[in-house]
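Q: Each chain, written out:
2 protein chains.
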Amino acid sequence: MAILGEMIIGAHSVRGAGTEVFGFNPATREDLQPGFGQATGDDVERACALASEAFDPYRALPLEGRAAFLEMVAEEILAIGPELIERAQLETGLPQARLEGERMRTVTQLRLFAKVVRDGYFMDATIDSALPERAPPRPDLRLRKIGLGPVVVFGASNFPLAFSVAGGDTASALAAGCPVVVKAHSAHPGTSELVGRAVQRAVKACGLPEGVFSMLFGDGRTVGQQLVSHPAIKAVGFTGSRQGGLALLRTAAARPEPIPVYAEMSSVNPVFLLPAAVQAGGATLAQGFVDSLTLGVGQFCTNPGLVFALAGAELDAFVAASAQALGAKGAGTMLTAGIHDAYTKGVTAFNTVDGLQLVAQGTTEGNGCAAQAALYVCDAATYMGNPALEDEVFGPCAVLVRFTDAAQMLQAAEHLHGQLTVTVHAREGDLDLAAKLLPIVERKAGRVLFNGFPTGVEVAHAMVHGGPFPATSDSRTTSVGASAIDRFLRPVCYQNVPGSLLPEALRDDNPLGLSRLQDGTLQVGGGK
Amino acid sequence: MAILGEMIIGAHSVRGAGTEVFGFNPATREDLQPGFGQATGDDVERACALASEAFDPYRALPLEGRAAFLEMVAEEILAIGPELIERAQLETGLPQARLEGERMRTVTQLRLFAKVVRDGYFMDATIDSALPERAPPRPDLRLRKIGLGPVVVFGASNFPLAFSVAGGDTASALAAGCPVVVKAHSAHPGTSELVGRAVQRAVKACGLPEGVFSMLFGDGRTVGQQLVSHPAIKAVGFTGSRQGGLALLRTAAARPEPIPVYAEMSSVNPVFLLPAAVQAGGATLAQGFVDSLTLGVGQFCTNPGLVFALAGAELDAFVAASAQALGAKGAGTMLTAGIHDAYTKGVTAFNTVDGLQLVAQGTTEGNGCAAQAALYVCDAATYMGNPALEDEVFGPCAVLVRFTDAAQMLQAAEHLHGQLTVTVHAREGDLDLAAKLLPIVERKAGRVLFNGFPTGVEVAHAMVHGGPFPATSDSRTTSVGASAIDRFLRPVCYQNVPGSLLPEALRDDNPLGLSRLQDGTLQVGGGK
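Keeping their order, the protein sequence lines are chains A and B. Position 118 of the first sequence, counting from 1, maps to 118 under the UniProt record's numbering, and the rest follow consecutively. Position 332 of the second sequence, counting from 1, maps to 332 under the UniProt record's numbering, and the rest follow consecutively.
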């Protein structure tokens, strides 16, 4: 399938009349063909108007139709074949195996949301029967959740498939019954066009209203802001920088009708190494840490950028082993020149912090966008005195803080900002300290994990990829896993609505076989 | 129990050093004794610090302890006895029977949340078992929801018990495991002190950390803003004016760490009278409408302030019957001098709108804060040309819009802002039109009700007292009913956490007997 440099506006492929932009090969630092025309205000208007028109018919579709559509999107993405992986490789510098894995993750995610739709738990169907004899009589009350309305999704640079055009935000919004307008990320426009066309084909094959999906190219500060400001848009999904997320939050809050922005922004994903775990883990623990730190050139939201441990001979051995493991890590190509520049700037700033010691680096070979991994060590006073050490440096760089005792470590835990993850390495002898740590870190993070590393975010029902500010803009939600659908829903109560007008989910005969809360008691449905 | 003019800061009763304010009797327009000292910045600091300290131990309490505490609050409120009703009557002008009903509603609400806590559905307990054989292996993932942290609740003027110190916001936040700091409404300080002391006694009787509950007096613009700005505070519940709600939203969004504000603000609660219903309903329908319009002197969030109907002889008869019913309604005392002034101003503004015709009024006898009910009629062009006609005039005043045909009525429905409720009166012959109306109005309102009136909000599992902006600041939520607890929760995922450290809700042996989503399938627990 040829890449034409076109946007998707409903059923149409449209070349944007705005400034032309190009994909960029970070390995060669060369532009890629073709050019992509960016959206004008008219394109934004048209995509949003189509999305608005599509909302009622799309959400009225039977659940089975919505689920089949999500599965069709997955099929159409697979049907693109090797061209998708090849183009994504060129645009991102990510290796083939990683991109193939990411494609499978994207497809699995769409299929999970098809199941979520069919199961129908997301609607929180609830019925309180009428009590006509009570004084005063209680009316018949039935609750279900419906979609918020059209959603704008911003593609992320670091997962060109799984957090982009048909990634988790799009899949969960479509599952909720919300049309989606994607603002494609300029770092992988060709990959975006291929996936955008796949979604467009699925819309057509399923006979859905065309406005269910559109995809525009453009700058976040212009097209992105126009989309978030548009009155038809009712929610925003974003994964990216704190600066970018906060700009969208401000715009959304300043609208005549404010709307929710789900921005996943920045996290240093602290790792607590408790004493017995350091002693028992030895070089294996160090290797696991370094592998996680350098995975995907450190370009994961859940990259472990901060390590807390107690000073001592065992920790010195861990640092030495980590230094050795890191020294063997080659410099990997980063996603974009901008990300590479920011990483270089971040590491340079660390080098000027008094008391922060560079203890290990990766190798330096590689092309112009290759990043050299780095590990720093400091004491508690240096850490507590330098709030910037808790700011994310996006890439394979970490700070290890040596504490003199557990109380000092707990105090630093209390001092943490919101995080996507907190990791605890603990063995038998650490459990008392771990029990003290747990209530603190569960206040700080969306996911608390033991004896592993935070990279690798399972697409599952129990996953939380979220967390308190500034990890995200809304700690009440997750952007990965089945619960991601909750972000795009709102409850509606139907009071004494005649049976013939009730939504299927709430009818007495329960034609969808849903599990429902009936008069305060959960009743499991048999499914359809 | 004497009313001393004191605030509650944890276990202490404190007289605020700020400007003294007095309760006000709207029937006599006289100040009530004693004076109440308003909070200083130090009081705010102390209450918030105590709430922060109390959060971990309070949320660690077994569910049964949290439920018993909510029931104890209910008991302590009942134990105040007639003094509470007498004081509330003096401060609000509301009749005894209404206040006794409201007290029962408050108590019922606390008991409902005790049940919600015991049932444990609110935690959304979810388990995805480890799949060690899979490549890559899936870790053990477990999700539960925990409280957001300390919550500030603003007492509302119009429900001095059910939406005030121990009302729905406080009950649902406490149920979620969040300490509460109440900013008492200055319109009923004595009532607030009595209820605040009741909660304080319950905290003590249950042996809870004192910071679980505090209550301050003060102005919204000073003490209210200080509370919402305080870093210990993680969410805000508010019921009141749009202006007040928006001010809190702005402050919360501008914090270094933005926090959610659940502001229930303004709604005109449109009532659609479909043709067959108007014909069949006759004078009974008119009486029902007028009763709802004037209930509680129109001082309900769900007061029906806007009526849409098709022009014709049947509608003329309905208007005539409404005019007659309204003419028999006495002028009731409004809650405060400020509310009365605003109502007078709103009605005066209506009298100057070209094309808006005053067709009926209530009687004028009554004291200085008594409000004369009013009904206006206009055509579609007048309505569509005057956006102010959709702004809430808080009190017993409504606008009826006559449409020439159903298409025009549907267009006006599409034009509505967000609302707490939309009501549809429909008989057999109206069902086709109702079916067209339903998808529109469910996008506009939190509750859609048929063949009744919107006043009267049942405290139940399926209730939604919420809706799109500007009815509330967050359409994803409700402030009445069991789901109100969801506002104060966030999910946490526990990955490979050792069994001995897992929260009870997520242990393999399910000691709480919770219903849980196990590997994607809902499993109903037997309860404890």
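If you are wondering where the hints come from, they were derived from the structure by calculation, not from laboratory data. From the three backbone atoms N, C-alpha and C, an ideal C-beta is built for every residue, glycine too. Treat the hints with care, since some could be wrong.
Below, in silico cross-link-like pairs of lysine-lysine (DSSO-like), each with a Cα-Cα straight-line distance of 30 Å or less [unchecked claim]:
| id | chain 1 | residue 1 | chain 2 | residue 2 |
| --- | --- | --- | --- | --- |
| 1 | B | 345 | B | 329 |
| 2 | A | 345 | A | 329 |
| 3 | B | 115 | B | 204 |
| 4 | B | 204 | A | 436 |
| 5 | A | 436 | A | 329 |
| 6 | A | 204 | B | 436 |
Simulated coverage check for chain A against chain B, where a stretch passes if three residues somewhere in it have a Cβ under 8 Å from a Cβ of chain B [as the list claims (entries may be wrong)]:
| id | stretch |
| --- | --- |
| 7 | 406–415 |
| 8 | 444–450 |
Just a few of them, taken from the derived set where beta-carbon distance is under 10 Å, the chain A residues facing chain B [stated by the list, open to error]:
| id | residue |
| --- | --- |
| 9 | 141 |
| 10 | 250 |
| 11 | 295 |
| 12 | 431 |
| 13 | 435 |
| 14 | 477 |
Q: The hint names residue 141 of chain A as touching chain B; please verify it with the least Cβ-Cβ distance against 10 Å.
A: Hint on residue 141 of chain A: holds, closest Cβ of chain B at ~4 Å, below 10 Å.
Q: Does residue 477 of chain A pass the interface check with chain B, least Cβ-Cβ distance below 10 Å?
A: holds, 8 Å
Q: Has the given pair, residue 436 of chain A with residue 329 of chain A, been kept, meaning a C-alpha gap of at most 30 Å?
A: violated, 35 Å
Q: Do the numbers back the hint for residue 431 of chain A, that is, is its least Cβ distance to chain B under 10 Å?
A: holds, 7 Å
Q: Regarding the hint that residue 435 of chain A lies at the interface with chain B, is the smallest CB-CB distance below 10 Å?
A: holds, 6 Å
Q: Is it true that the CA of residue 345 of chain A sits at most 30 Å from the CA of residue 329 of chain A?
A: holds, 20 Å
Q: Per the coverage rule (Cβ-Cβ under 8 Å, at least three residues), is the stretch 444–450 of chain A covered by chain B?
A: holds (count 6)
Q: Assess, step by step, whether the Cα of residue 204 of chain A is no farther than 30 Å from the Cα of residue 436 of chain B, and give holds or violated.
A: holds, 26 Å
Q: For the pair we were handed, residue 204 of chain B and residue 436 of chain A, check the Cα-Cα distance against 30 Å.
A: holds, 26 Å
Q: Against chain B, with CB atoms and a cut of 10 Å, does the hint on residue 250 of chain A hold up?
A: Check passed: Cβ of residue 250 of chain A comes within 8 Å of chain B, closer than 10 Å.
Q: Are the Cα positions of residue 115 of chain B and residue 204 of chain B separated by 30 Å at most?
A: With Cα atoms ~21 Å apart, residue 115 of chain B and residue 204 of chain B stay inside 30 Å; holds.
Q: Are residue 295 of chain A and chain B close enough, Cβ to Cβ, to be under 10 Å, as the hint says?
A: This hint is violated: residue 295 of chain A lies away from chain B, its Cβ roughly 12 Å from the closest one there, beyond 10 Å.
Checked against the numbered hints given earlier, this structure breaks hints 5, 7, 11; the rest are met.
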